[in-house]
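Residues in the sequence shown are numbered consecutively from 1, following UniProt numbering.
No lab work stands behind these hints, which were simulated from the structure alone. Every residue, glycine too, gets a C-beta built ideally from N, C-alpha and C. Take the hints with a grain of salt, since some may be wrong.
Listed next, the in silico EDC-like pairs over lysine to aspartate or glutamate satisfying Cα-Cα at most 20 Å (straight line) [to be verified]:
| id | residue 1 | residue 2 |
| --- | --- | --- |
| 1 | Lys167 | Asp148 |
| 2 | Lys15 | Asp52 |
| 3 | Lys15 | Glu62 |
| 4 | Lys149 | Glu347 |
| 5 | Lys27 | Glu75 |
| 6 | Lys27 | Glu117 |
Using C-beta positions, here's what the derived DEER-type ranges look like [what the hints assert, rightly or not]:
| id | residue 1 | residue 2 | range |
| --- | --- | --- | --- |
| 7 | Pro212 | Glu260 | 17 to 27 Å |
| 8 | Met295 | Thr252 | 18 to 28 Å |
| 9 | Glu176 | Asn244 | 12 to 22 Å |
| 10 | Arg263 | Asp147 | 41 to 51 Å |
| 11 | Thr22 | Lys210 | 53 to 63 Å |
| 12 | Ala251 | Asp69 | 20 to 30 Å |
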Amino acid sequence: MTTLLTASCHCGRNKFKIPFTTSTLPKATHMCHCDVCRHSTGNMSVVDPNMDGVPLSMESTEEKQVPADLNNLTEYRSSNRLSRMFCTNCAAHMFIRSNQQADGAPSSYAVMWGVLEKTDGIFTIDKHIYVGDTLDGGIADHIRTFDDKPLVRLEGWDEKNLSVGWKAQPDHKSPETLPLYCHCKTISIYLTRALKPSENPAEYWLVPGKEPTDPIKFIAAHCLCNSCRQTSGGQIQTWAIVPNENIFDAATKAPIELVEPERRPKGLHQYISSDGHHRESCGTCGATVFWWRKMKEGESPHMDVSVGLVDQVAAGGARAESWISWYPRIIFNEFAISKEVAKVLAEGVKASVTPV
């Protein structure tokens with residue numbers, strides 16, 4: 001028997017039936033933390049269970065399975081072996097395709113966990129892979145168990161286990177600016193330090209240090225809302241809130257400008273997910289970059305920056321904790337399509353993060 005699940009992007013231009021062999025459910029899969037997955041999506045990790053077949057049309061049934069039209073997807077070849085396929089309009093990553101190999105093995109598909117209608121009972125996560133790429137554990141430190149079982153944390157695909165709290169460079173010096181980039185490098189930005197805390201208590205995103213001489217950090221949080229999920233392809237979208245005056249285009253060294261068309265970074269694609277809410281992504285590799293809205297009267301201009309794009313080498317780790325202060329709660333936990341993901345993420349963040 002075959003179980004058919006719906007996968008859809010936010011704008012609705014891409015909607016498919018996804019086949020899974022019923023007897024194999026829940027499938028065991030992994031959470032990948034490799035540099036390519038992070039920088040091509042903007043998520044801090046990727047979960048992509050293998051499908052048992054190809055994407056199917058919405059008219060497909062178990063008895064009559066019709067391959068879907070994929071013309072509304074942009075293909076980004078992140079390596080000779082893999083192609084990543086995302087919505088040309090809203091930028092939701094939907095599939096990772098393993099391309100046909102020299103030995104004649106056919107292409108196979110994996111589906112991004114954020115576009116599925118449900119995941120509980122469909123797959124279980126049994127390990128973290130390529131944790132070594134993060135240099136500090138990345139989001140693996142915030143997801144320690146799944147289905148009440150501790151997760152193995154592999155340095156690569158099958159290399160040694162890395163403990164919670166591991167850092168490749170424990171004495172790494174904080175950089176003067178924080179670089180971020182998408183995988184194809186079309187979008188490359190950097191952050192500068194905020195020089196003083198805000199006098200407005202509502203502007204919680206600037207977090208002073210314990211000592212007056214400590215640098216101010218930007219607050220970051222994991223969001224589980226439907227809009228983030230269906231525009232990125234990941235169930236967990238992680239944002240840092242940064243004042244506009246501290247975000248610069250690495251190519252021009254000018255402050256980021258997203259409103260005036262002629263001053264926008266070249267290659268940045270905009271999607272309006274709801275009235276006044278703008279999402280920006282790389283038009284080439286599909287990486288989520290910014291979320292922003294029109295400021296209310298009296299607000300200081302600020303926007304959300306995708307933490308998955310952090311230059312882990314410059315920052316000393318994908319969590320960039322010399323620049324970022326982690327919010328101890330999950331944003332829009334109530335909208336999570338997976339109760340298990342919401343639970344283990346909340347538990348992991350609570351265990352890892354000192355309250356702000």
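Verification of the supplied hints:
1. Lys167 with Asp148: 25 Å, violated
2. Lys15 with Asp52: The hint holds at about 17 Å.
3. Lys15 with Glu62: 17 Å, holds
4. Lys149 with Glu347: The given pair, whose Cα atoms are some 13 Å apart, holds under the 20 Å limit.
5. Lys27 with Glu75: Given that 20 Å is the threshold and the Cα spacing comes to 26 Å, the pair is violated.
6. Lys27 with Glu117: Judged against 20 Å, a Cα distance of about 16 Å means the pair holds.
7. Pro212 with Glu260: 17 to 27 Å: 38 Å, violated
8. Met295 with Thr252: 18 to 28 Å: 23 Å, holds
9. Glu176 with Asn244: 12 to 22 Å: 19 Å, holds
10. Arg263 with Asp147: 41 to 51 Å: 48 Å, holds
11. Thr22 with Lys210: 53 to 63 Å: At 54 Å between Cβs, range holds.
12. Ala251 with Asp69: 20 to 30 Å: Violated, since Ala251 and Asp69 (Cβ atoms, about 36 Å apart) do not stay within the stated range.
When each numbered hint is compared with the structure, violations occur for hints 1, 5, 7, 12.
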